[in-house]
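K.L.:
Based on the sequences and whatever the hints tell you, model everything.
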Amino acid sequence: MNKFRNAPVSLLSVLIVLSLLLAACPAPGAAPAAQAPAATEATTVVTDTTPAAAASGDAMTTVFGTKLPDDAAPYDEQIYTTACSNTANMTTMDFAVSVYTRYCLSDLFQDTLIDLDKDFNVKPASAEKWEVAADGLTWTFHIKPGLVWSDGTPVTAHDWVATYQYEADPKHAWDFTWFYAGVIKNWDEVVAGEVPSTTLGITAPDDLSLQIVTTKPFPPLPGMMKFSFLMQKAALEKYGPFYNNDPKTSVSAGPFKLVSLEPGKKIVLTANETYKGFRQPRLKGYVGIFMDLSQAFESFKKGEINDIGYETLTPADFELIQKDPVLSKNYLRGFGDFRTDYLLFDTFNPPFNDLNVRKAFAHAVDREAIVKNVYGEIKAMPAYAMLMPGFPSSDTKGDLKQYQNYDCAAAQKYLADAGFAEGKGFPSLELWLRNEQPALQAVFQAVAASIADCLKVQIEVSNKDQKVYMDSLNAKPTKITIGAISYGMDYLDPTNMLGIWVSTGRHSWKNEEFDKLIAEATPLVGDAAKRDQMFRDAEKILVDDVGGVFIDHRWQGTLYQPYVQGDSIRVPDSNGISGPHWGNDWVNGNIYIAKH
Amino acid sequence: MTRYILGRLLSLLFVLLMVSMITFSLMHAVPGGPFDEEKQPLPPTAKANIMRKYGLDQPYWVQYTKYMWNVVHLDFGIPYQQPTTTVTALISSNWQITAQVGLMTILFAFSTGITLGIVAAYNQNSWIDNVVTFTAMLGITLPNFVVGSLLIFIFAVRLDWVPMGGWGDGSCLAGRYFCSDWVLPVIAYALTPMTVIARYTRASVLDVIRSDFVRTARAKGLSERIVMTRHVLRNALIPMVTVLGPIIPDLITGSIFIESIFRIPGLGKYFVTSTFNRDYPMIMAIALLIALLWGLVYLLTDIMYTLVDPRVRLGSEGGR
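Protein chains in written order, with the working numbering: chain A, 1 to 596; chain B, 1 to 320.
It cannot be assumed that every hint is accurate.
Claimed, not checked - In silico SDA-like pairs for lysine to any residue, Cα to Cα no more than 20 Å straight-line:
1) B:Lys53 x A:Thr101
2) A:Lys476 x B:Val30
3) A:Lys476 x B:Gly32
4) B:Lys47 x B:Pro83
5) B:Lys220 x B:Arg230
6) A:Lys144 x A:Asn584
7) A:Lys372 x A:Ala449
8) A:Lys301 x A:Leu332
9) A:Lys171 x B:Pro83
10) A:Lys144 x A:Phe227
11) A:Lys171 x B:Pro34
12) A:Lys476 x B:Gly33
13) A:Lys171 x B:Gln58
14) B:Lys53 x A:Asp169
15) A:Lys302 x B:Val183
Keep in mind the hints are simulated off the structure, nothing from the lab. No experiment lies behind these values; they were computed from the predicted model shown.
P.N.:
See below:
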């Protein structure tokens, strides 16, 4: 035992020696430097595993044999790097497996049936054409001949049938089943496990024809097919739904294929040389680098990544961008998913069961000041209704503004009419936020302050855990008296953005006339003008009856490196908006890295 | 001693059982579940199906009993966040990296902290002492994610000496050894424990320097080097065992801040993401892992005491 009495002195020496020894050990999982893809230099990443490198004839020709633009960097440098959150919940590369827990760079292993142009018009993608039968219920999509998977097998309509049957499988419990609820024949019954998935209203009369039967006439169906992301029937059956998480089992019918997927580290994709679809890429590959998104702007400035989304940028970052001539020129704004931030109420219980109270709140929010001074005009515009101007059937003339404009005197009068003059006797409220980032917390703090200041009521803002919030919102009856939330479209039709307000949706607000209008307008075919007007009438009811208080429509955008080029992001649409547009999957075939 | 260790290990099993019960109760008491809808409610039948698939439709006591039965058979389940792997595989693959960062941090923090503490004590009230004391205060007050961000800004962005982060992507010395992307996370992570250790070491050394036996050693004409190594450090570092032990489990289980900021694919993030995502199997496994580590480290600390200080006896030995 005595020999250990020298331990303290020895300990110090041993620590230092061990420190050096440990430092000399290779890191577990650390690739040799010579073999590791060079992710730190955006334009010099070369993945030796790609067959594309070997296949291209010269430095300016892609693996598909197409020439790069004159100002493009050589093909070997056409590697696009982007940031992936290293704390987000990600489980799959496939939309059909989970919509809300997809890895970054997903949805590049297949093409959907349709795509959108910059003005959001539906255009062919995997389906070269489609038609609806005279009954308005049976749609036939004709698959483009010659499409193949990366294993050489043909893409067929049977792959779509298998994908949809898997999506509706009750054992799968897909997180997006609500999307087709009430639309596709037998969808609800299959999801409920009442009938087998083979009875689903999606069939393949032959290899290149996909037939979809709807429960009622549904004009937006082709646009809805923006989400017809595909899985291979054979791989699904052989390897199960996560086959695209492993390069050994992954198979792609899209412009890129998987090279490696290391959660928490990086995802590497390379051009799929067998691809025959509508968006043959100029890029040789994609690299997604997992990182703390709070560091993404520094990473962007260092040139490690080629883009950064608006949601990752802080107000301080935006200030810097707006002051910098190069950065500001390359921050490209877009509609995104036409997202609207709004307040929701429990209108079935006091105090918000009183329309006067709701109107008081609607008129007490100084949206213009909040957008200008808190949110920033680069990121949002004031909202007076659910549909962002530019969205189909939206109020572009500002006719609905009168129902929810900032008018403190009117707001005070409404509250007095409800029996709470100068806020006396009005209960203290807690405004719930859904795990919002600091920038949006500030926005809703300002909203609460505007209401409290005008109406002399007490509102405390509480940023809740996302699951706690959604659990409480979806509870019937709801557990949220007043909350803030956002919604962005899933497909370009008013029935999507307004449909969430029907009384069976997530909000605790009911208006029978509104429900009736949405129910009648949604399946209406043959009279587009009437359908459009019905949605406009429905939205007027929504704002006048104050189902929600609409705060702002978000301008979304992406900051690109100046050398990221391509008409898809640099040429404006008919509204003068140039940035990436929602649903424009052709972007992935169009962008390229210019010489720099 | 053997009986004492066995007794402690048995009590550790009891602790693990209690931790599992408390964790299980708490995670189910928190509102929200792992498969809550993000946008629109799932049809009730679909929701029921997924709950059945993961056994969440059963009473809590059945879920708990089944889980513990599987744990006894070393089956910790499937993590909801990574359904293509197992909790055991996920933890072992990620923990390797975290443990390596943690061990490097421990070695760096301990060796540097002890050295700084000794130097400061031997130069008490000099400028060296002031610098060490100031650095120690800074290290304690600055959170590691602030230090990490600053280090990245200065050394990765401005000076471009090292990469911003990553794991195995940086340049390495001597072939693939000692990669540059390890430098910043280890420094950022080590700063707080290093300064804690420096402060404790300084205080302890100062205490011993002034003791009678050191004065006697000097009076006998021993060289200062021998006084320091044989008499001062030997005794001054004994109390450090108490301080050092609890730091270890913290460091080798990782930090979400350090791992997120420096892009290290380690275990640290799962402490937070498992809770946010209500990933029950991961929450349980991580809680048990941490409880086990703490239990073992405290046991080892007690054993270390008997080795470095003969006055200390454990268990029934203490009564003799």
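K.L.:
Run through the hints listed earlier and report the numbers of any the structure violates, in increasing order.
P.N.:
none
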